[in-house]
Every structure is written in structure tokens, then in C-alpha cells.
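Going down the list, the protein sequences come from chains L and Z. Take the first sequence: its position 44, counted from the start at 1, is 552 in this note's numbering, and no numbers get skipped. Take the second sequence: its position 72, counted from the start at 1, is 1070 in this note's numbering, and no numbers get skipped.
Read the hints as simulated data drawn from the structure, not as lab findings. Some clues are possibly wrong.
[To be verified] Straight-line C-alpha distance at most 25 angstroms; calculated DMTMM-like pairs for lysine to aspartate or glutamate: (1) L:Lys-611 <-> L:Asp-563; (2) L:Lys-545 <-> Z:Glu-1042; (3) L:Lys-550 <-> Z:Glu-999; (4) L:Lys-550 <-> Z:Glu-1042; (5) L:Lys-611 <-> Z:Asp-1060; (6) L:Lys-545 <-> Z:Glu-1100; (7) L:Lys-550 <-> Z:Asp-1061; (8) L:Lys-550 <-> Z:Glu-1094; (9) L:Lys-576 <-> Z:Glu-1042; (10) L:Lys-545 <-> Z:Glu-1094; (11) L:Lys-576 <-> L:Asp-539; (12) L:Lys-611 <-> Z:Glu-1054; (13) Z:Lys-1076 <-> Z:Glu-999; (14) L:Lys-576 <-> Z:Glu-1105; (15) L:Lys-611 <-> Z:Glu-999; (16) L:Lys-579 <-> Z:Glu-1105; (17) Z:Lys-1040 <-> Z:Asp-1069; (18) L:Lys-564 <-> L:Asp-525; (19) L:Lys-545 <-> Z:Glu-1105; (20) L:Lys-564 <-> Z:Glu-1054; (21) L:Lys-611 <-> Z:Asp-1084.
[What the hints assert, rightly or not] Some chain L residues well away from chain Z (every beta-carbon gap over 10 angstroms; in silico): (22) Leu-516; (23) Thr-518; (24) Ser-520; (25) Lys-564; (26) Gln-566; (27) Gly-567; (28) Val-570; (29) Asn-575; (30) Thr-577; (31) Asp-592; (32) Lys-611.
[Claimed, not checked] Looking from chain Z toward chain L, a few residues come up when the C-beta cut is under 7 angstroms (computed): (33) Lys-1040; (34) Val-1041; (35) Ser-1046; (36) Ala-1086; (37) Phe-1089; (38) Phe-1103; (39) Glu-1105.
All values reported here derive from a predicted model rather than from experimental measurement. Even for Gly, the Cβ is constructed at its ideal location relative to N, Cα and C.
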Amino acid sequence: GESVGLHLPTLSVQEGDNSIINCAYSNSASDYFIWYKQESGKGPQFIIDIRSNMDKRQGQRVTVLLNKTVKHLSLQIAATQPGDSAVYFCATREAGTALIFGKGTTLSVSS
Amino acid sequence: EPEVTQTPSHQVTQMGQEVILRCVPISNHLYFYWYRQILGQKVEFLVSFYNNEISEKSEIFDDQFSVERPDGSNFTLKIRSTKLEDSAMYFCASSETRPTGELFFGEGSRLTVL
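Construct the entire structure; sequences and hints are all you get.
Shown next as C-alpha cells:
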């Protein structure tokens, strides 16, 4: 079955640095990918998504990169701020099926 | 901004009791979901619901669980005869479209089973 995982459970960066959070998925039929941010005690909050017909998508301070060849997804956060401290989840979906979440990376930003 | 609302925010119950968690999805959304998150672990899919019926469910969603849309606004998750391992955060989500619609999550209901 589908499994989604992240390479590192924790990532610590300095304020102003760029952060890269990685995710690997197993199902080559996955066609939709999404990053969520979860702050303590809150529900997951949408950051950015990308479909399988793209390899890069940019938002405000965030970029998602998709490499379907190696089934790898990454989230880049530019000029990381203390408010970016949270747990980040990648999630994938094969058309018509449920969104499956990875384990999460805790991003800690120190000023 | 429209949001998904969940009640209660925290419920404590005794093992073996029945629990109902309530959700009000975003009003124009058609697809509804329940996920759970055991403390410190990943968010796990339980069930999706569309057109008044379950469209997909995970292995976790066994006969102990049921969902219902009793009226035009609420979406409920019932857990019969709760077990200690049911203690978790339960998140409701909704989306306007599927398969590529973004899921909007509520703040969650924390269930503690003693």
C-alpha cells in the first residue's frame, strides 16, 4: 500500500536561513501532492500543492519540488521566520482515493 | 474566511462508553473526511463521505466507528464502546472537489479515554 515518509523527523534552522524539508512516497500512481503545516494544538493548515504534471510550484516564500523519477517531494521555505516553527507533513493522493499523510518533520527556527 | 468547526474541543470518557464528535464543514463543500492523530504521530485517514454515503474507509475504521450527516450542516463521527487506544485528536476536514481538492481541516477534537 501507499506509504509516505519524511527523511528527517526534526530540522533546526536560524532565522533568515532557507529550510528544505524532504518527503519520499512509494506509490508511483500518486498524482497529487500537498504540504501541510501543523502548529501545536491546531489542525493541519494548507501550505502548497502540486500535481503530477508539474515539477515545481512556487508560493509566497515557499516552493514545492516534485521528482517523480525517484518519488521525492520537497518543501523549500525562504527566509525562515520564527512563525514558521511547526510540524510539516507531506501528503499524497492517487486519483479518487484518500489523502495519505507522512510522519511529519518538526521545524524549529531560532532567532 | 469560512472554516471547519468541531465540537467538543476536548472530551474525556470512560472506556466502553460511546462518543459522538461533531463537525460543521464549510457550507459549499461536498466531500467530508475524518482523520485522527495519536499524540506525536502522523495524521491517519479514517473515512471519507460524499453524497450521504461512505466513499472510502481505512482499516482503522472498523465496526466500532460510524459517520452520519444528520442534517444539512453537521457531520458526525460516532465511536461505540471506546477503547484506551482510541485516545487521539480527531480532525474533520472538507473539500469542495475531489480528487484534487484541497482539504480544509478543523481544529480537532481531543478524545481521552480513561
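Hints that the structure is at odds with (numbers, increasing): Violated hints (numbers, rising): 7, 13, 14, 15, 16, 17, 20, 32 and 36; every other hint is consistent with the structure.
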